[in-house]
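Visitor: Now for the letters of each chain:
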Amino acid sequence: MKWVVNNRMNAFYLIIAAFLLLLPFVYESRNMLILLTQIFVFAILAMSYDLLLGFTGIVSFGHAMFFGIGAYSIGIFMKRFEPTMLHFIYAVLATILITAIVSFIVGLLTLRLKSHFYAMLTMALAGLFLVLAEKWRTLTFGNDGFTFRVPEIFIDRTNFYIICLVSMIAIFMILKRFTNSPLGRVLQAIRENEQRTESLGYQVLHYKIAASVVSGVLAGIAGIFYAMSLRYVNTSVFTMDITLDALLMTIIGGVGTLVGAIIGAGLIEFAHDGLTELAKEHWIFERWIIFFGIIYILVVIFFPLGIVGTLRKFTWKRRKLESAKKKENLAG
Amino acid sequence: MELLFNLTLNGLATGMLIFLLAAGLTLIFGLMDVLNFAHGGLFAWGAYSGIWIYTTTGSFLFGIIGAILTGFSLGIITEKWIIKPVYGNHVQQILITLGLMLVLSEMLKVIWGPNQLTANPPEYLRGSWEIGDMIIIKYRVFIIVVGLLVFAGVQFLLKNTKIGLVVRAGVMNKEMVQALGINIKKVFMFVFMIGSGMAALGGVLFGPYSGVIHAGMGMEFAILAFIVVVIGGMGNFTGSVMAAILVGLSGSFMAYYVPELSLAVNMLLMAVVLIVKPQGLFGGKG
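Sequence order for the protein chains is L and D. Note that the working numbering gives residue 193 to position 193 of the first sequence, counting from 1, and the numbers run on in steps of one. Note that the working numbering gives residue 239 to position 239 of the second sequence, counting from 1, and the numbers run on in steps of one.
Listed below are several chain D residues computed to face chain L (Cβ distance under 7 angstroms; list not exhaustive): (1) 35; (2) 85; (3) 91; (4) 94; (5) 96; (6) 274.
The hints are simulated quantities; they were obtained by calculation from the structure and are not laboratory data. Glycine is no exception: its CB is placed at the ideal position from the N, C-alpha and C atoms.
This is chain L alone, in the form it adopts within the complex:
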């Protein structure tokens, strides 16, 4: 039964992916293309955040740190050297290396702490990176940021769209595999009950660090794409807003469901876009963060599973009912 459902879900994902792949060739709207690209980029970020929040039960407020490292790596490489494919690859490698090292060290230092302290410390460390980006003017040009050119292949919006989409799907599949692996199962066990997992003989800290390294690296990759889509980078990539966006996307879509992160990213970016349009009609929509904030509070109180989580709960309930009925029929 389970396999049938999974196959049906996989077929569904496949259809959506094919649709999105073909979209730029049938529907030519530059704005839509840019918006969708943005959604894919943030979906990568949200999925990487979900690995921490949804699968391991860690609230990190420093996720922007990794996103920013990615964005600045690509920016600096493209600005300092020729914008060629080779340097792009160097930038990606640099991002992976730096984010892995930083997330490893940060994890080693902080993951021993309770959730409150961990949240605060990651917030402070992300703040540190923000200060660094603002003060290290020779490298980052401070608050003003800088523009840069990207390799030939990324200039075309359609190409870039497809590259982002494919990356998102690839990362989705990797994470799906990762969370279903034995390691991923241990992470979920940690989320459910840390003490019990520890007493089963698992080194909880090691698993948490592994999760934070994977999540950090993926956030860095999202940062690369983000900076490339704008061809501009400034210190805003290190601000709390980025972390909050990832948080919001994950929560609204449904924590612990990777599809939820994608859906959340789509919803938030669409809503953001729509509300910015509406701001021309009435000034209240310029303050769209209020709506998000209120929705976010309501979601945390009343709707803690998010969209996908709630849907899943209902299907599970229905399936349980069905199987109960079947049993009854058999008995009768």
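Place chain D on chain L using the hints.
Guide: Below, chain D alone, put in the same frame as chain L:
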């Protein structure tokens, strides 16, 4: 000498403002095990409402009272509607108070506009005293005095009154206090109210001190307050005043001597304290 004195005075005044914010945070954490990420929002609300009342009525005293009342009422609303549904769940607490922080700081922009407001000290607190070559800015002294008065007042409340006894006992062991037939929920509400009022008072005092207030100041100060709470020990009231003065002084001296490091130094200090002694320099709830 003169410079040192000025830097010290400035550091002490900033320290007192941070203390007003951090004290509420630490009491709420100690008693209710809630880390209120929206606390900075209350600070900003105190500043905006207080300065608004002050500029419309022309009386700074009214402004201060108005700010404290705003803090009280926002504190009650927060406790009742936002915190109560998520007691005991740390992850949800962090998420929900952060959401509230967003709403609070955006609401400021809706009501008072996105631009920063200016604020000046009232006539009788303007200017400075000159003793020898030392110039003592009156308003800074005023902040320090108010801060110390509040510290003494809360200390008296905690140490010498029955409600303080209950609060202190609650910080030690909630269940026991409840078992003794005291309505701990009322105590929660009371502490939340006092903490929010102190944050709002800090906000309104900050207005004329910096000259301008803006909606982002809540977050900035909240981070400083977190740092203070961690350094001083979570739930430790006396620790929070010590740590606030430490952070204020180090900020003021660093801003003069090594300006590049002024923000980073506090964060590094906190990181070191958290790693080496997670329960804080002055002890407290780990």
